[in-house]
Amino acid sequence: MGELLDYMEAYALLKRYHIKSVESTYVKSAEDAISFSGGDAIVLKVLSQKALHKSKSGLVELNLATEKDIRSAFSRLERKAGALKPYDILAQKMLGKGLEIIIGGNTDQQFGKLVLIGLGGIYVETFKDFALRICPISRYDATSMLEQLKSKSIIAGDAKAESMVIELLMNASRMFYENDITELDLNPVILHDGTYDAVDLRLLR
Amino acid sequence: MTKEKINGKSHGKYWKLEPIMHPKSVAIIGASNNPDKVGHVIMQNYIDAGYDGKIYPVNISSDGSIMGFKSYKSVTEIKLGIDLAVIAIPAQAVPGVLEECGKAGTKGVIIVSGGFAEVGETKLQDMIAEIANRYTMPVIGPNCLGVMDPRSRIDTLFLPTFKIDKPTIGGVSFASQSGAVGSSILDMIDDEGFGMARFISYGNAAVVDETDILNYLAEDIDTKVIVLYMEGVKRGKEFIEVAKRASLKKPIVVIKGGVTEAGAGAAHSHTAALAGSYEAYEAVFRQYGFTIAKDIKDLLNYAKIFETQPLTTGNRVAIITNGGGTGVLATDALYKNGLVLPELSETSKKELRKVMPPIVNIRMPLDMAGDADDTRFSAALARMEEDPNVDAVMAIALFQTPGADSRVAASLIHYGTQMKKPLVVVSMGGSYTQAHKRMIESSGVPVYASPGEAADALAALISYSRYLKVKGVRGKGD
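Residue numbers (this note's numbering), protein chains in the order written: chain D, 114 to 318; chain S, 19 to 496.
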């Protein structure tokens, strides 16, 4: 199995490829988290090589709006994470509602690196609505990937959204292709308010 | 060390198949007077096909003559130069004989015999690859049917002539990993009324693989359409390189066997769970403009429209029909495929109003009524040909009706072969219909058994035309 790239390292890599992700930082204490929140609602997550599926293991605390919420969530997570050492606790700004998509990458033993886009979040494996191409992809490839999706009209409802998603897809493909990464999961990437943010970054070496 | 060196392919990345496809002389190793032997059937096929090159039967226990030809105990005795050797002997004896082929300077070999990697004898298969590479000698097989080429009249298929309808000369080339899929398709091709350029069954692909074959067919002037059945690819990167180039030259229809779930349960990311091995193949096919067939029927349906009809990037398909309900079903089938009905030009409407009886509504789909005869069909087809709002035509001809007879078939043939827009015919029914279907198809106009199949085929043609356009290749229809 590949090794999970450190979250903040992944965060920096995405930035270099002009891929937006939700504001995040590691926190060592509840106080850290409170000061990061600055009054906004936040999310806390335990990250460990030993727990690759966080939401299934109850290692995520969502929508922490008050200092009290943050404190109690932080101590709950510390307790659960005891067996997963070494681990980090990540604080992220909580995003409002939006459409969840997935941008991914995989390495096929025959054809090499492939990039994926699809309907994301909890729907990924239910609807299996995704499109796949070999890296590197052209703008035509990116456009035709969107065309292939049944959910195209909700993912890219207008020309502006479409060009934003195409840009994102091409940047992600380039990042995946040019770096020493074997698997990539940006899931979900939340489309909201005419922009987007990658919320969960899982890059495997 | 480079890949080429490992493979010993000093002649380049891809094997040259010319001597195998157009041999001036053929040695049939395992030829026999005994009609139960595969080598006998192959000999017989060469004789039946009227192959005009030299035939050298080879059999270690021969007494100087096999099936009326001077025979040899070994290829090394022939000394006249051999373009192609066909080997049909037990697997254990193959490496020795292949070595002799190399020594005799044979230009290409087909190993029909089974009993190699497909039954776990990988060492025996490795020996074959080693010998082929050492002599730089292209080898197709083992465990295959070999090749058939109605133009150069070569036929290494060990399928007795009376059991299979062998196709006529045409532009469709077919390459199949599986011999069984290959031979049943071969049998069906003739019934579909289109002709064949090359048939290559390549079996275990110990030496020559799908990439070499695709590369050959891409450059082959007789091949207008490439049809592939494959279970896997041996050299992914090279396959992509060839696929990219080949699909710009001619349409490629593909079906992939072995839809495997590559350990989806064990995957550690969503992407890995979704992007299995089959999906990766599909991605390659889509990316490089292949037409993906879901079953064997699709392969033939797509091949026949690509072989005969011009390309078009427009998706406005006119429907003319002598059956109302079928016209409605056809309309549904178009829209399901992302195709649309055209808005006829004012001129078309005026002209059609003049020639159609009052009961005919002048609109799409054009239902010319159950008594439509060849006059109505011809008038409608002539308008569709002229109308700038029409990109392609689907003509539904139900031959059960009183007005539809051979004259309707003749007008469909006339327009289907002259028109610069694609025309497909939908016709379903019993023996009277089948007779007309054959007439129409053998003239080069594809006939489909349902509106759905016709719409799928048109959609595939349009999608490929658009691919070419995006890639900057001008098609005939642009």
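Read the hints as simulated data drawn from the structure, not as lab findings. All values derive from a computational prediction rather than experimental measurement. Glycine included, each C-beta is placed from N, C-alpha and C at the ideal position. Hints are not guaranteed to be accurate.
Stated by the list, open to error - To give an idea of the chain D side of the interface with chain S (calculated C-beta under 7 Å), a few residues:
hint: 1; residue: E180
hint: 2; residue: N219
hint: 3; residue: Q223
hint: 4; residue: K226
hint: 5; residue: E280
hint: 6; residue: D293
hint: 7; residue: I294
Stated by the list, open to error - Below, in silico cross-link-like pairs of lysine to any residue (SDA-like), each with a Cα-Cα straight-line distance of 25 Å or less:
hint: 8; chain 1: D; residue 1: K241; chain 2: S; residue 2: N355
hint: 9; chain 1: D; residue 1: K263; chain 2: S; residue 2: L347
hint: 10; chain 1: D; residue 1: K210; chain 2: D; residue 2: Q162
_Interface restraint verdict for D:I294 against chain S (beta-carbon cut-off 7 Å)_ = This hint is violated: D:I294 lies away from chain S, its Cβ roughly 11 Å from the closest one there, beyond 7 Å.
_Hinted contact D:E180 with chain S - closest CB pair below 7 Å_ = violated, 34 Å
*If you take the shortest Cβ to Cβ gap from D:N219 to chain S, is it below 7 Å?*
Holds - the Cβ of D:N219 comes within 7 Å of chain S, reaching about 4 Å at its closest.
*Hint check: is the beta carbon of D:D293 less than 7 Å from a beta carbon of chain S?*
Because about 16 Å separates D:D293 from the closest Cβ in chain S, which is outside the 7 Å limit, the hint is violated.
*Was the hint right that D:Q223 lines chain S, CB cutoff 7 Å?*
Constraint on D:Q223 satisfied, holds at 4 Å.
*asked:* Hint D:E280 vs chain S: min CB-CB distance below 7 Å?
replied: With a minimum Cβ separation of about 19 Å from chain S (threshold 7 Å), the hint on D:E280 is violated.
*asked:* Given the hinted pair D:K263 and S:L347, is their Cα-Cα distance within 25 Å?
replied: With a Cα-Cα distance of about 23 Å, the restraint between D:K263 and S:L347 holds, given a limit of 25 Å.
*Does the alpha-carbon distance linking D:K210 and D:Q162 stay inside the 25 Å limit?*
violated, 29 Å
*asked:* For the restraint on D:K226, tell me whether the closest CB of chain S is nearer than 7 Å.
replied: Violated. Min distance 10 Å.
*Given the hinted pair D:K241 and S:N355, is their alpha-carbon gap at most 25 Å?*
It holds: about 20 Å lies between the C-alpha atoms, which stays within 25 Å.
Against the hints set out earlier in the document, violations occur for numbers 1, 4, 5, 6, 7 and 10.
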